[in-house]
Structure formats: structure tokens, C-alpha cells
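Using the sequences and the accompanying hints, generate a full structural model.
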Amino acid sequence: MTGMRMTEVGRAALLIECADGDHVEAWRAELWRRRERGELSVAEIVPGARTVLLDGVTDPADLARRMAEWPPPAATGTAEGPLVTVPVVYDGTDLPWVAEHWELSTEDTVDRIASAEFRVAFCGFSPGFAYLAGLPAEWTVPRLANPRPKVPAGSVGLAGEYAGIYPTASPGGWRLVGRTERVLFDVDRDPPALLVPGTRVRLVPA
Amino acid sequence: MDIVRAGPLTTVQDLGRPGWAHLGVPRSGALDPPALRLANRLVGNAEDAAGLEITAAGCAVRLRKAGTFALTGALARVTVGGRPACYGVPVAAPAGAVVEVGRAEYGVRSYLAVAGGIAVPPVLGSRSTDTLSGLGPAPLRDGDVLPIGPAATPSTVDFVPWQAPPAVLELRVRLGPRRDWFTSAAVEALLGTQYTVSAVSNRVGARLSGAALARAREGELPSEGVVLGAVQVPASGQPLIFLADHPTTGGYPVIAVVDDVSPLAQALPGTTVRFHGSER
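If you're matching them up, the sequences are chains A and B in order.
Under the working numbering, the first residue of the first sequence carries the number 1, and numbering increases by one thereafter.
Under the working numbering, the first residue of the second sequence carries the number 1, and numbering increases by one thereafter.
In short, the hints are calculated from the structure, not lab data.
Ideal Cβ positions, reconstructed from N, Cα and C, are used throughout, including at glycine.
Don't take each hint at face value.
[As the list claims (entries may be wrong)] If you want the footprint, here are the derived chain B segments under chain A, 3+ residues with CB under 8 Å: (1) 11 to 24; (2) 216 to 228.
[What the hints assert, rightly or not] Partner residues aside, some chain B positions facing chain A, computed with beta carbon under 10 Å: (3) Leu38; (4) Asp130; (5) Ser133; (6) Gly134; (7) Val257.
Below, the structure written as C-alpha cells:
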């Protein structure tokens, strides 16, 4: 099968390694669909940057054999998830640095971010923290060498190939370009995270 | 139930909140699930009811109504209204009595179950305190009041066999998923040398010290989902075994996965750990 490789993880998990982020999204969507239809019994389906982890599997070797028979989902690169528009005040501490790094004016830097359509590639770091893919590879932004001890909740940052929004105040090494008032994570909401994997996201100027 | 003396770290724990890892929510839950399940069975609760996880230095609570409790996990002295009571059996406490759990004598984490269970409102399906993300009730403080649910009938057991935690902890591991990121010497060191549980271990992970595990390749691993028991190796080469409050994704390679991490809940700093490869 093309574009993926399966590795057993411990006694109850399986890691699917994909060629790129588009294949991760295709597999994540396919696995969520199959679970929804009752064809897959698994406790967790956790996408990563280049992998999808299936945790809480009774027999990982058997599942790997079954999955090898499935037709591989097409990695179209176009997300089909719902669109969430996040209003952002673009006044981040690192906006001038990012503008210089990209060799753009701050206005054009904001335009570049605001006109991108992002997709939630995966979550991690803290509940509701979504890694937003969608910036072209040549626009990657290095992380801060020394993370800040405290980044306020709602801060919008860039790091590597991703954009992200801090759901709560925490230490952080992302380059901060702005902030939003939207609540990223609320345990009384279903789902609790505003940005779940597969969601399309726009970071529009507030 | 009133918390008279919370001790350094006493938390509410049930069997955790699995199912939300894709949103970055750790599983959390009791570090020693068999001990919590047993305590619950002793007092007639469902096995997944919430109890107290008491770390090393004990705690004291007052039951406002008469009720039954049981202490399991790390062995510790228990008194009810100043009178000695038994470990590992259902104990009836009169209304207003102070239940005092002493310092752990063997092991690290004791579990106190009360008939009816601790009935704080669940968060994402669980009452567990997650020390990494802050979900669930905060670690307990002196003067806190916890609601208790309606009690069922306690079990009639009057003796539960107890085994002291072993002096050397033998853990079964399965290599991978990132064994190929390490030298074969690193794999041999993991399976062939002894490690020691470090004092900075907590609910997130058991840190070990011993032979450093050398990488066979440079660079960063793109963040990927991690499981309970993953043996993650950061830049220092000293392994870290993920426990209940572990982050859901990580960027350090995982050399192996421990089959059962619950014995680590009772491993004091300084405990010797040996890993054994497991047949596939």
C-alpha cells in the first residue's frame, strides 16, 4: 500500500506513518468514518504531524492485517471539515520579527496569514491546542530559542510549519502575531475544543 | 467529607477520561488502577467510582455521616477517631469521626474509597484531577469539602492479601515504535542494565537514571501520539516512562512501551528498575 506504514506500539496500539500531512488527514477522516460505522473498535484515534495513532486496540497485529486490505483513502489535500472563522487582533509582540523574516511589511504579513486557509492537523501540548497547517513550506518560522515563561490565553502564534492559538495561559515558544477573544476549550461544550482535527480555519482580522 | 489535612498531594481519582486524546486531553486517572478498583469493591462501589489518591505523607478526612471506607495501595497506618483500623478491608466509621491515613510505609500512593464514592461533578466524563492540564478538581487543600454519593452495600471480605512492592521492579517492555532512532547499544543498555527511579518523578512520568540511550540519528521527530507506558528518550538520553497524566503527543522518540505501568505508582525514588523484552 502506498503512502503509509504500520508499526505496533506496545500491546494495544498501532501507529500509522504517512508520507505527508495530507495523507494523515485522509487517514484520520477515513478512520473516524469507519469507527462511526462500527467497523473499527478503538479507544483513541490521535493524528500527529506525520502519523495517526490508534490506541486501545484489542489485537494490533490483526488490525494491521485488516487495514492492509482496505483501499487507501485519497489524499486530496482539500479538507472537508466545517469552516471556523477566528477573529484575530494582529498586534503580537513578534509580528515585526515575522514581517522581517518574511521580508514583508507588517500589513502584507497580516494579509498573508489572514488569507490562508488553515486545517487543524492535530491537537496536543494542552487541551484544545490545535496545530494549524496551511502555510507553504517556504514560510516556516523558527520557534523562539528560549520559550516565554507565560503566554496569555488567546495568543495566536507561528512555529515551524504551523499556526496555533493558546487555549490557556502557559509557557510557550511560538512567535506571537496576534490574539483572539474566542474560547478555544470549554469542558461544557460538545465537542469541548473549538478546533478539532479536520476543521478548516481562517484567522481573519478582528 | 471534610479534608482535615490534605498532605502534600492528595487528589480525587477515578479511572480517568480516555477518548479525548485527539483534542489534547490526557487520560489521567488513578496511577495504580488495580488498587483503586480493589478499594471500590471493598466498600461496595462500582470499580470506576472516584476515591482519593494519597501521596506518600498521608492525609486526614472527617466523614460527616457514618459510612464505610477502605484503604488500599501503599501500606499505611489508619486510625478512626484515634483508634487503629485495618488496611485493605471495609471499615465502618461513625459520623464525625476523623479518618487519619499515616505516612506510606511500603509504596507511594494509597487509595481511600468511601462507600458512595466522591461525587464531585465529572469533567469530560471523569472526576480525576489531571495535574498536567488542570482539568478536574484541584489537588485537595485543608478545609475542602467533598460530596459523597449514595452508598451501596459494602463487601463482606475481611482479609485481602497484600504483597510488598518488590525491591527490584521488573518491567516488561515491547520495543518500538522508534527503536530505529537508537543505536543497538542503546537497546542493549535498556534491556541489559539497571535504572533507578529518580526523585523528580510525578503523575506525568517516572523519570529514570542510568545508562544514557544514544540516538542513531539526529533531528527532531515530528510530534506524534503517545501511549501510556511509552519510554520516551529526551536529549539527555535518560528515559522517562509516561504515566496517567502524560501529554497526548510528543516529539521525543519512544524506544519501547511498558506493558503495565501500575507498579511504578508504588516505586519510591531510588527503586531499581529492570526492563525485559516481551515476546510479540
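Structure-based check of all given hints:
1. 11 to 24: Check passed, 7 qualifying residues.
2. 216 to 228: holds (count 6)
3. Leu38: violated (22 Å)
4. Asp130: holds (9 Å)
5. Ser133: Since the shortest Cβ distance to chain A is 5 Å, the answer is holds.
6. Gly134: holds (8 Å)
7. Val257: Holds, about 3 Å.
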